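Line order of the protein sequences matches chains S and G.
Each residue of the first sequence is one higher than the last, beginning at 344 in this note's numbering.
Each residue of the second sequence is one higher than the last, beginning at 179 in this note's numbering.
Please keep in mind that the hints were generated in silico from the structure rather than gathered at the bench.
Possibly wrong hints are sitting among the right ones.
The list that follows gives simulated cross-link-like pairs (lysine to aspartate or glutamate, DMTMM-like), each with its CA atoms no further than 20 Å apart [what the hints assert, rightly or not]:
| # | chain 1 | residue 1 | chain 2 | residue 2 |
| --- | --- | --- | --- | --- |
| 1 | S | Lys390 | S | Glu372 |
| 2 | S | Lys390 | S | Glu356 |
| 3 | G | Lys326 | G | Glu290 |
| 4 | S | Lys360 | S | Asp374 |
| 5 | G | Lys222 | G | Asp248 |
| 6 | G | Lys326 | G | Asp367 |
| 7 | G | Lys326 | S | Glu659 |
| 8 | S | Lys390 | S | Glu380 |
| 9 | G | Lys363 | S | Glu643 |
| 10 | S | Lys578 | G | Glu412 |
| 11 | S | Lys637 | S | Asp448 |
| 12 | G | Lys418 | G | Asp436 |
| 13 | G | Lys272 | S | Glu585 |
| 14 | S | Lys491 | S | Asp462 |
| 15 | G | Lys272 | S | Glu588 |
| 16 | G | Lys207 | G | Glu231 |
| 17 | G | Lys326 | S | Glu415 |
| 18 | G | Lys363 | S | Glu490 |
| 19 | S | Lys360 | S | Glu380 |
| 20 | S | Lys578 | G | Glu271 |
| 21 | S | Lys637 | S | Glu627 |
| 22 | G | Lys272 | S | Asp579 |
| 23 | S | Lys390 | S | Glu560 |
| 24 | G | Lys418 | S | Glu513 |
| 25 | G | Lys363 | S | Glu654 |
| 26 | S | Lys390 | S | Asp374 |
Being a predicted model, the structure only gives us computed values, none of them experimental.
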Amino acid sequence: MPTVLDFERPFVELENKIVELTSFSRERELDLSDEIENLSRRANELKRSIFEHLTPAQKVQLARHPDRPGTEDYVRMLFQDFVELHGDRSYGDDPAVLGGIGRFDGQAVTVVGHLKGRDTMTNLSRNFGMAHPEGLRKALRLMLQAEKFGRPVISLIDTPGAHCGIGAEERGQSQAIAQNLLRMSALRVPIIVVVIGEGGSGGALALGVGDRILMQEHSIFSVISPEGCASILWKDASRAREAAEALKLTAQDLLSLGIIDEVVPEPLGGAHRDPETAGNLLREALARQLAALKDLPPGELVQRRYAKLREMGRLEG
Amino acid sequence: MVLDLFKKPKYVTVHRDEKKEIPEGLWVKCPQCGEILYNKDIAKNLKVCRKCEYHFRLSAAERLSFTLDDGSFVEDDANLVADNPLDFPGYPEKLTEARQTTGLSEAMVSGEGSILGCRIVICVMDPRFIMASMGAAVGEKFVRAVEKAVERRLPLVVFVASGGARMQEGMVALVQMAKTAAAVKLLDDAGLLYVSVLTDPTTGGVSASFAMLGDIILAEPGALIGFTGPRVIEQTIRQKLPDGFQRAEFLQQHGMIDLVVPRSRMRETLARILMLHGCESENVSNS
Ligand SMILES: [Zn+2]
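Using the sequences and the hints, build the whole thing.
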């Protein structure tokens with residue numbers, strides 16, 4: 344059963360009715376095409392008006408939607424000849440982070456990304472996409488390898504945050520994040536980052552430094568989860584809706600704040616309702632951004648990347 | 179001789195706000211051993227408990243006075259202040275309150291000074307200022323300090339204390355992690371020394387950016403250092419954390435920092451490190 348969010352219910356109910364009517368008309372050999380067309384139009388109008396006025400809290404729900412396509416889906420849709428590469432070569436292999444090489448539009452690229460699960464089993468085995476230090480170090484190892492072979496890096500972000508636990512602390516979660524930030528800022532090949540779902544704080548940023556930062560239309564990127572923010576600010580996690588607004592965590596808000604470069608459109612109703620179209624829209628954006636970066640000499644690429652970071656939150660005085 | 183010099187550190191006299199660091203009154207109870215201590219006594223002992231060596235947290239002014247040569251500090255960017263990039267409700271009031279209680283404009287104080295004659299660029303963080311969280315102002319001050327170090331070819335010493343990224347600045351705060359980490363690369367490229375000294379507490383986004391990127395990472399005894407705070411971890415995993423977890427000594431055991439240095443030896447240790455990296459201390463050459 345697909346998960347239906349509360350605000351999706353009105354048009355999902357209409358869509359279900361359309362399915363019912365269609366099979367009913369087929370069974371009884373009745374011509375209900377006028378009614379069906381009418382209902383379809385109404386469903387679409389409803390969907391459009393709901394999606395035009397999504398609140399930040401609703402965006403959070405969409406970004407976390409269990410049926411939303413994840414890193415593995417986009418890897419399947421966008422990259423050919425993909426070979427997964429495992430391990431950080433020093434401690435272990437983190438199933439919450441995917442890494443590998445493949446072809447995008449004929450060109451060899453390195454792909455890294457967070458892996459959330461899609462059911463209880465895979466959620467548990469992948470730790471809900473929350474990386475341990477070894478996962479972040481695996482990604483870094485593969486990015487340095489990409490630098491050696493001169494191929495671009497595509498990083499797909501979808502995580503509630505870095506893992507919090509004893510082992511992660513013992514093995515240097517902070518150190519792993521910090522190293523990734525420094526190395527990614529200076530990597531001599533193009534890096535394109537795409538937030539495809541949830542961009543949770545330091546664990547997201549650890550794969551999130553690049554020449555272009557893209558966010559899918561209904562993804563979020565935040566310094567803290569709205570629930571966490573609400574419980575710190577108001578000692579009340581149920582005020583997450585207010586916190587989601589205050590944090591300016593939507594793709595649209597972050598574009599206007601100058602934190603990201605592009606919002607990648609999703610099919611009406613969100614990526615989870617039509618993963619294939621979502622994949623095609625992402626492919627178009629990636630191809631365009633890669634083309635714009637491909638002729639820059641490595642030195643200039645790194646210089647521009649640093650200059651962009653340097654301007655983030657620049658203050659006078 | 180070089181080493182004799184270290185035995186008599188000189189300290190700047192700075193107007194200290196003792197009341198704010200140690201609870202009001204003449205006496206204070208040590209949070210670690212419970213000993214009742216005379217405020218003036220602890221202040222004379224670099225704010226370390228004489229009985230159990232507990233290191234009290236320091237204000238930025240105290241840190242500078244305990245670390246730098248008398249009168250050597252010249253502050254930079256003293257007027258750099260945060261704005262409210264997200265129009266976050268209640269944030270301007272929070273900033274005003276922090277400024278009033280600390281007398282500081284932001285959670286980091288930066289400038290130039292010397293340790294036993296070795297010139298350095300120095301940043302110190304003050305945990306009284308919104309838990310020394312990092313927003314755009316802290317990020318900007320750190321990067322400017324790096325730029326100054328590169329321009330003047332001086333080593334950078336940073337005393338870290340922070341609860342993490344400043345929530346009220348949202349993603350503008352989070353990207354300061356990337357901005358400061360990227361700036362450290364400028365020091366690498368210039369072949370300049372960067373020493374970070376982790377003090378209580380060093381957690382979250384600051385711990386996961388410039389704090390952990392020192393060429394040499396020192397820490398004060400007992401300092402809490404980690405990515406996620408212990409209370410959050412405890413709530414998440416629903417089990418009690420082992421004794422000493424995320425303390426400076428624990429990090430040293432796990433290979434995450436170079437050395438735990440008691441406050442009484444910090445100046446000497448920093449001076450040694452600076453000299454081993456080519457600083458020609460005026461004091462030493464004159465002696
Ligand atoms: Zn004590």
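Quick rundown of the hints versus the structure:
{"no.": "1", "hint": "Lys390/S with Glu372/S", "result": "violated, 29 Å"}
{"no.": "2", "hint": "Lys390/S with Glu356/S", "result": "holds, 11 Å"}
{"no.": "3", "hint": "Lys326/G with Glu290/G", "result": "holds, 9 Å"}
{"no.": "4", "hint": "Lys360/S with Asp374/S", "result": "holds, 16 Å"}
{"no.": "5", "hint": "Lys222/G with Asp248/G", "result": "holds, 16 Å"}
{"no.": "6", "hint": "Lys326/G with Asp367/G", "result": "holds, 14 Å"}
{"no.": "7", "hint": "Lys326/G with Glu659/S", "result": "holds, 16 Å"}
{"no.": "8", "hint": "Lys390/S with Glu380/S", "result": "holds, 15 Å"}
{"no.": "9", "hint": "Lys363/G with Glu643/S", "result": "holds, 16 Å"}
{"no.": "10", "hint": "Lys578/S with Glu412/G", "result": "holds, 18 Å"}
{"no.": "11", "hint": "Lys637/S with Asp448/S", "result": "holds, 13 Å"}
{"no.": "12", "hint": "Lys418/G with Asp436/G", "result": "violated, 27 Å"}
{"no.": "13", "hint": "Lys272/G with Glu585/S", "result": "holds, 18 Å"}
{"no.": "14", "hint": "Lys491/S with Asp462/S", "result": "violated, 37 Å"}
{"no.": "15", "hint": "Lys272/G with Glu588/S", "result": "holds, 19 Å"}
{"no.": "16", "hint": "Lys207/G with Glu231/G", "result": "holds, 13 Å"}
{"no.": "17", "hint": "Lys326/G with Glu415/S", "result": "violated, 45 Å"}
{"no.": "18", "hint": "Lys363/G with Glu490/S", "result": "holds, 17 Å"}
{"no.": "19", "hint": "Lys360/S with Glu380/S", "result": "holds, 12 Å"}
{"no.": "20", "hint": "Lys578/S with Glu271/G", "result": "holds, 18 Å"}
{"no.": "21", "hint": "Lys637/S with Glu627/S", "result": "holds, 16 Å"}
{"no.": "22", "hint": "Lys272/G with Asp579/S", "result": "holds, 19 Å"}
{"no.": "23", "hint": "Lys390/S with Glu560/S", "result": "holds, 15 Å"}
{"no.": "24", "hint": "Lys418/G with Glu513/S", "result": "holds, 15 Å"}
{"no.": "25", "hint": "Lys363/G with Glu654/S", "result": "holds, 16 Å"}
{"no.": "26", "hint": "Lys390/S with Asp374/S", "result": "violated, 26 Å"}
Checked against the numbered hints given earlier, the structure breaks hints 1, 12, 14, 17 and 26 and satisfies all the rest.
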